[in-house]
Amino acid sequence: MAIALILVLIAVGSVLFHVLSPWWWTPIASNWGYIDNTIIITFWITGVVFVAVVLFMAYCLFRFRHQEGRRAAYEPENKRLEWWLTIITGVGVAAMLAPGLFVWKQFVTVPEGASVIEIVGQQWQWSYRLPGKDGRLGTSDIRNVSSDNPLGLNPSDPHGQDDVVVEGGELHLPVGKPVKVLLRSLDVVHDFYVPEFRAKMDMVPGAVTYFWFTPTRTGTFEALCAELCGVGHPQMRGSVVVENESDYQAWLEQQPTFVRSSAGLGPKVESPRLTD
Amino acid sequence: MVDGTLGAVGAVPPAEVEDMELYHPKSWVTRYVFCQDAKVISIQYSLTALSIGLVALVLSWLMRLQLGFPSVFSFIDANAYYQFITMHGMIMVIYLLTAILLGGFGNYLIPLMVGARDMVFPYVNMLSYWVYLLAVLVLVASFFVPGGATGAGWTLYPPQAILSGTPGRDWGIILMLASLIIFIVGFTMGGLNYVVTVLQARTRGMTLMRMPLTVWGIFTASVMALLAFPALFVGAVMMLFDRVLGTSFFMPALVEMGQQLQYGGGSPILFQHLFWFFGHPEVYIVALPAFGIVSDLISTHARRNIFGYRMMVWAIVAIGALSFVVWAHHMYVSGMNPYFGFFFATTTLIIAIPTAIKVYNWVLTLWLGDIHLTVPMLFALGFIVTFISGGLTGLFLGNAVVDVPLSDTMFVVAHFHMVMGVAPILVIFGAIYHWYPKVTGRMLNEALGQLHFWITFLGAYAIFFPMHYLGLVGVPRRYHELGEAAFNTPSVGTLNAFITIVALIVGAAQLVFLFNLAWSLVRGKEAGGNPWKATTLEWQTPETPPAHGNWGKELPVVYRWAYDYSVPGAEEDFVPQNQPVVARAGAREGAPA
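Those protein sequences? They're chains A and B, same order as listed. For the first sequence, the UniProt record's numbering assigns the number 1 to the initial residue and increments by one for each residue that follows. For the second sequence, the UniProt record's numbering assigns the number 1 to the initial residue and increments by one for each residue that follows.
Errors might be hidden in some of the hints.
Here chain B is said to cover these stretches of chain A; the calculated rule only asks that three of the stretch's residues, wherever they fall, bring their Cβ under 8 Å from a Cβ of chain B [stated by the list, open to error]: (1) 35 to 42; (2) 76 to 89.
Computed beta-carbon distance windows for the label pairs [what the hints assert, rightly or not]: (3) B:Ala141 <-> A:Gly135: 54 to 64 Å; (4) A:Ala52 <-> B:Met209: 26 to 36 Å; (5) B:Val317 <-> A:Pro155: 54 to 64 Å; (6) A:Val15 <-> B:Leu451: 23 to 33 Å; (7) B:Ala547 <-> A:Leu20: 56 to 66 Å.
The set of hints was computed from the structure by calculation and includes no laboratory data. Where is the CB? At the ideal position from N, CA and C, for every residue including glycine.
With the hints as constraints, model all of the structure from the sequences given.
Here it is as structure tokens:
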């Protein structure tokens, strides 16, 4: 008896907790509202199943509890019922899988014309690289990494000369423009994660991985590492500033290019250009 | 096939099977220490697993103290925290759950339930336990070596697992890998025994489709473990080589703290594939024995045949097979080729179908039953609730795109604790309350059992259900402290403190269980041979606890499936598997052909 009542309380309580609790996702700041929608669909389907099965259990426990003289029914199987339940479950699963795969296709397909940037992880900080005037990132090799060349850019690649390297600072992005993020790591596996963007991907030493998104509102967002990377893992923070195009361009102008920083000249202030 | 009528086998006279091949103990040492009786080995496995499990419980307290009350306990620094979570995870998954379900319950129940005298290779079986004990000791030793235990997370992902930014990089990781290798050697000895015993040593009449689901679950899980553990074995050997010999299986060229290291050409993702090729089947290696056991608990205590036995068997086999093609759903954001996501999301969601069938059939076994709310039954019901919850959240994480925001957050932690922590452990408790009378001849105390159940079940649900929502907020897992962050609102801190307090209470409640185990051994009510009026063979032994060799002079002969409860026309509400059909001729109308 008690257990039937408690199961009802668990079912009802879980739903109430879901509806009333203050813990919910952060307001989205990217195009991945599709992901949120898929989660909502999944919540609805799984929530209905959870409540239905637990309430049914509670009913059985109340209705068929042991009483003097009761005898259970003998019914080894019921093919019809079993097949119906299988089919209904299959439909429910398909209803979650179909939108899931549809959105996954979008997630792995980078739109034409997305700008390309690079985020590099190392214990325990983030660095960023943006293409310079030529719009292309130069090649890189971990063997080139040194104190003058922290991201291991290829010094002889012409495309890399004007790349903008931001070490340990903020990443700025223009609002409303799709961006393909290339991910590299110098040492261990990291994961660049901004909760508001929803999207994330591990960065793996020895490989270049990617994800893409479009920032949809301006603001400063905190980035953190989402893959255990050693004892400093929780301190590996960064921030992403999403701003309008003109602010972004102004910021970009202030950043040192690869050639300047590897020559030890630091951020550009008001000096004539040394290259190009 | 599930029918009790038997045809030819029923006419064969019971055979006398001498037990001359068994090694009977000649001294105290061969009876209780180096013993070849599967039942003693089972108890050795179970007690060792529960002991090391207590260590894992204390570790979970320590990590929860840090999460609930950050910076209050100065001895839990970041190094210690990562060592605690790593050892907690590895102990729980491998050294407690796998060991107790296969080594503990497998050893006790397989020979008794299939009507064998013992495992087919008793000596190897004994060796299996001692090798397991060695693995546990090596693991425990890693707490005491310079640098302490490894803090690489239970997944041990390289390169960080063997680089100096991770605690326990000097000796801890080496001992961890060595311990895993030893464990797998030991398990293989046991696992071969479980599989061959089920295939070769079933008594006459015990067809595969008459076996109790407990045996089906443990058997399938053992086959899976024999196929899955080798992947972890080679992974551990290769990483050990990378660490000790300087090979580069998993190590690309990399720069550590400004220094170019000598590694080059290896792949960190290769390790992840090997790990999860083991790691996902491992979830079902733990779950399938629990599925089997809980089926038998529900059927016995609801006095009703398990609903849809054949479907239940095929679901176990289908889950076992499918679980080998879903592993990369742990790796949607690992940087593997993203197109794998389509395949693995599909297989992962398909596996939900046989799993759901099992849940329906458990619940439909309650329908029209005669439900006795014994302590084992309460734990079985608790299992169903927590398993549904954990299984449904698996549909979030298995769906590639939903996994993207949720992976590596507390949502994942809540999910896998509910589904492969709480749920199987509730089954283990239920099983101990259920079979303790057979093992010791005495009942566990009912009132203490009820207290233990309610605190554990409600507490565990209160710990892990709200934890999902921390993950939705964006709280990452494996954070020693959240620090200043947008997601670290005061309400998140409150919830973390609440979870910690409940975890302390639930942990303390396990002392009630331990006390009950010890107290009932001496003071428990005499159980008799078959206190639950169950049908399966282990309850029909001539002696309780069963003697070495289990059956006296004659092996039992099986005439029916394991679920003849409340058969119409039968005098009692259960008919043991070894009761001949003729004893109740004419009572077959209700059974299917």
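Structure versus earlier hints, numbers of those that do not hold, lowest first: Hints that this structure does not satisfy do not exist here, as all of them hold.
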